[in-house]
Amino acid sequence: MNETEADGIAPSRSAQPPLSAPDYRSTALRAPREMPVAIPQTLTETTGPVFEPSRFAPTDNLAVNDGHEAMGERIIVTGRVLDEAGRPVPRSMVEIWQANAAGRYNHKGDTHDAPLDPHFRGAGRVFTDDEGRYRFVTIKPGAYPWGNHANAWRPNHIHFSLFGAGFAARLITQMYFPGDPLLELDPIFHAVPDAAARARLVAAFDIGVTEPGRALGYRFDIVLRGRAATPMEG
Numbered sequence: 000m001n002e003t004e005a006d007g008i009a010p011s012r013s014a015q016p017p018l019s020a021p022d023y024r025s026t027a028l029r030a031p032r033e034m035p036v037a038i039p040q041t042l043t044e045t046t047g048p049v050f051e052p053s054r055f056a057p058t059d060n061l062a063v064n065d066g067h068e069a070m071g072e073r074i075i076v077t078g079r080v081l082d083e084a085g086r087p088v089p090r091s092m093v094e095i096w097q098a099n100a101a102g103r104y105n106h107k108g109d110t111h112d113a114p115l116d117p118h119f120r121g122a123g124r125v126f127t128d129d130e131g132r133y134r135f136v137t138i139k140p141g142a143y144p145w146g147n148h149a150n151a152w153r154p155n156h157i158h159f160s161l162f163g164a165g166f167a168a169r170l171i172t173q174m175y176f177p178g179d180p181l182l183e184l185d186p187i188f189h190a191v192p193d194a195a196a197r198a199r200l201v202a203a204f205d206i207g208v209t210e211p212g213r214a215l216g217y218r219f220d221i222v223l224r225g226r227a228a229t230p231m232e233g
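Mapping of the sequence shown onto numbering that gives the first Met the number 0: residues 0 to 233, in sequence order.
Since the hints were made in silico from the structure, they are not lab data.
One or more of the hints may lead you astray.
[Said to hold, decoys possible] What follows is a set of in silico ranges between Cβ atoms, one per label pair, in the way DEER data are often shown:
| no. | residue 1 | residue 2 | range |
| --- | --- | --- | --- |
| 1 | V63 | E183 | 30 to 40 Å |
| 2 | H67 | P180 | 27 to 37 Å |
| 3 | A151 | H106 | 34 to 44 Å |
| 4 | R86 | K107 | 33 to 43 Å |
Note that the structure is a prediction, hence the values are computed from the model and not measured.
Every residue, glycine too, gets a C-beta built ideally from N, C-alpha and C.
Let's have the full structure, built from the sequences with the hints guiding it.
Below is the structure:
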């Protein structure tokens with residue numbers, strides 16, 4: 000073990016999912032079969048576009064659309080985006096997308112026969128503040144069937160996308176909910192080899208975030224690098 004590994008900065012390979020996970024069947028179609036080829040990046044990839052609220056309007060409330068409340072259990076999801084040393088990552092664009100309370104995405108590719116909710120915004124966007132904090136109000140997503148294996152259902156989850164300085168600096172992950180019985184059966188969740196790393200994908204219920212009479216609160220911190228990094232999708 001070198002000094003970088005010892006001080007907790009180096010990433011743990013078992014904390015990240017492999018590009019090909021046999022139980023997660025669609026990875027067999029998209030995982031590369033040859034070694035990747037490094038392509039030099041230009042200023043276009045490393046510095047553009049500039050992600051800022053004036054150009055990418057924030058939408059932090061998915062539970063209201065045109066003044067109408069969405070159906071389902073209203074929740075608040077908040078947390079911090081941190082680097083490997085626990086320092087905040089300010090002004091990072093955080094986007095989420097998810098199924099509605101019935102377990103259906105507002106997307107033409109979703110053919111699940113669960114009802115759509117015209118008052119639910121299926122996606123949102125915010126920017127972290129100087130302390131790396133973000134916050135969304137949304138609806139707890141429902142489970143839904145998928146064709147990975149017999150009687151396969153995805154656990155309740157919210158997709159997260161985090162952008163750095165440009166398109167080439169993007170990370171994607173999923174947030175799950177505590178106590179969900181489908182987690183033990185989900186091959187996407189279990190594609191992360193390390194149990195401690197998988198636990199970092201599960202949000203924590205937080206009574207301090209919960210608003211009386213309005214919404215339950217969950218805290219989900221995202222660590223971008225290092226031994227405590229949040230698992231990201233390959």
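Tested hints:
| no. | hint | result |
| --- | --- | --- |
| 1 | V63 <-> E183: 30 to 40 Å | 34 Å, holds |
| 2 | H67 <-> P180: 27 to 37 Å | 32 Å, holds |
| 3 | A151 <-> H106: 34 to 44 Å | 19 Å, violated |
| 4 | R86 <-> K107: 33 to 43 Å | 41 Å, holds |
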